[in-house]
Amino acid sequence: MLDKSMFKSPNLRLEHGLADGAGLPLVCPGCRREVSQEVFEQEFCQCARCGYTHKMSARQRIAMILDEGSFLELDAGLQSSDPLGFPSYREKLNQARTSSGEKEAVITGLGSIEGRRCAFFASEPGFMMGSMGAAVGEKLSRLFDRAAADRLSVVGFTISGGARVQEGIISLMQMAKVSGAVRRHSDAGLLYIAVLCDATTGGVAASFAMQADIILAEPGALIGFAGPRVIEQTTRQKLPEGFQRAEFQLEKGFVGKLCRRPEQKALLASLLAMHEVEPA
Amino acid sequence: MFSKLLIANRGEIAVRIIRACKEMGIKTVAVYSQADKDALHVSLADESICVGPAPAPLSYLNQQAILSAAINTDCKAVHPGYGFLSENADFADLCEQNGLIFIGPSGEVIRQMGNKDEAKRTVAAAGVPVIPGREDVKDLKEAQEAAREIGFPLLIKARSGGGGRGIRRVDRMEDLKNAYSTAAQEAKVNFSNPALYMEKLLSEVKHIEVQVLCDSQGHSVTFGERDCSMQRKHQKILEESPCVLLGAPQRARLMKAARQAVKALRYVGVGTLEFLLDREGNFFFMEMNTRLQVEHPVTEMVSGIDLVKWQIRVAAGLPLTFTQRDIRSQGHAIECRINAEDPAQGFQPAGGRVDILHIPGGPWVRFDTALYQGYEMPLHYDSLIAKLIVHAPTRQEAIRKMQAALCETVIEGVNHTALFQADLMGEEAFEDGSYTTEYLAGKGAFHA
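One line per chain: the protein sequences are A and B, in this order.
For the first sequence, my numbering begins at 1 and goes up steadily by one.
For the second sequence, my numbering begins at 1 and goes up steadily by one.
So here's chain A without its partners, still in its complex pose (with noise of 0.2 angstroms):
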């Protein structure tokens, strides 16, 4: 026989991810490639392979686009209760805040971009898909009687799956409410900029993203009221390739202009300067 001693063990650790408590490696859903999370963060968590664009939080946003330093938060300790005594709401609220580490769907506040002020906002992916409830309708509201009477510019990045089900009627509410708001600032003269971001759908699609003066967009986002698999399984009809996508959405007149992230911030920035309004 072969005695064991006659081979030698190769010198190697064992492979990267295969360790005790290694966690997972961070793999691009577009490209399957390993990326470094540190890298991934300093590309605007955008794919610098492939430009497969992944959700961003809305505190990475406001890195992302407000000067550093200078957002100040508004209601933050707003939160949704449990109005209609929905079955499981309050566990799902109590997971949502617990995994995203936010009180609710939207952040709110005030902050500068190259140094021109603005109210900002920007919807969390993390909280139960940027649904709306009464906490993210009276946040926005506030934001934008804040906005009107500071004469300020508002910009905000959506993200949503649409009115909070959870919430029932009083999240349908929220729609008016905060288009009543939206109505106000722009009866002031101000201008209000929306950022869609992939999913911007449902109420808030409805509503309040796409009442804005200048309607941007992040290239392949979907940008829609009910969701391409809903309305094919209605009308039971083909949906053209791209149905939905931001460049489709460009293409019919729902959105002005398809913004990457890198470009975003400065491109927001000569917009306000564009619109600068005197202060009051």
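Read the hints as simulated data drawn from the structure, not as lab findings.
Don't take every hint at face value.
Only part of the chain B face toward chain A is listed, based on derived beta-carbon distances under 8 angstroms [stated by the list, open to error]:
1. Ser3
2. Lys22
3. Ala316
4. Leu318
5. Leu320
C-beta atoms are modelled at their ideal positions from N, C-alpha and C, and glycine is treated no differently.
Based on the hints, put chain B in the right spot on chain A.
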């Protein structure tokens, strides 16, 4: 997660797995029977444990002994290889219950695919073509109806049958009545269940299979197909990739079918979907093997992807770091299974001592074996002693390379099939790729 792994197998596949582990920095534990104490896998592994006497049921199939060995040596996972316990759902469950990772799909999926009827139902529901047939035929009227639907020739089988019993071939409607009543009678007597199953009899077919690899996050890829039609008594004797008779649109449909099937199954790990390809170019799902295959190197050669390493990685929960688009089959690969059988004596299993061993070499020649010079081969196990795999830019070149390599192979002391295969490669039906699964039995081949 995976610092140490037990290999519940022997022979070339145990060696193949140990090699992958060594490269990955994973410590290995080999198990062996008393007849295998001098086997190569025992020497190559970091630790080796004897799990019983020579007969496989007492050693390589001895689940308790193997699990005890794994637990006592502090292994995190068990690799079953192929054969033995690799498609044993109870063993997969037992591993899980003992906190060990079974490198393969869950017991549930193994069970689901192990039941051929259920497997067909599952993949048919996912839109994959299966052999036309009807389940649960209860009376003659239903049988006639089904026969009209399916067409002749067809097979009538006992639903709970197996081992060829209770199977009747029917070529004409006139013969159906007789065949039906005998089959029903036989089914009732032998399996105490008169329910029958009717299925189209496909003759002159090719055996084509698709390799899949899926991670636990739901991503899956399919590799180019393997043509495993060269068989002797249902045992594959050589395999190649790609299949020369498959056109691009057909291949695309085949790969799509495979992807649909694994998606429906929520499959994790490596697996193979076997299809029959008829003369008209239709393919039908036959069964799924929920394990690594003997012929996996053919796919490794054309894809450049180490399937064993990826099998271990996805079992550890790691995601695939490539997509379908990254998988490009290049050139042509052929594998010959060299068996310790004497072609001159009707392929009688041979044993003996390997007095001289010369392994063929050169570029793109791979020889997977557990033989070494001086090795005394036990007679208790499978007769596969080596796999010779070659890779070349074209099929023609691969055939030449294989013929040359087979002729260079020297295994003195043991009768083997290498030269039989070298001759086979020169036959017309192999050269033009028209050979079917019956080629060696009746020399059946598609004719162009």
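Going through the hints against the structure:
1. Ser3: OK, holds: Ser3 of chain B within 8 angstroms of chain A, min 6 angstroms.
2. Lys22: holds, 6 angstroms
3. Ala316: holds, 6 angstroms
4. Leu318: Hint holds; Leu318 of chain B Cβ to chain A Cβ min 5 angstroms, cut 8 angstroms.
5. Leu320: holds, 6 angstroms
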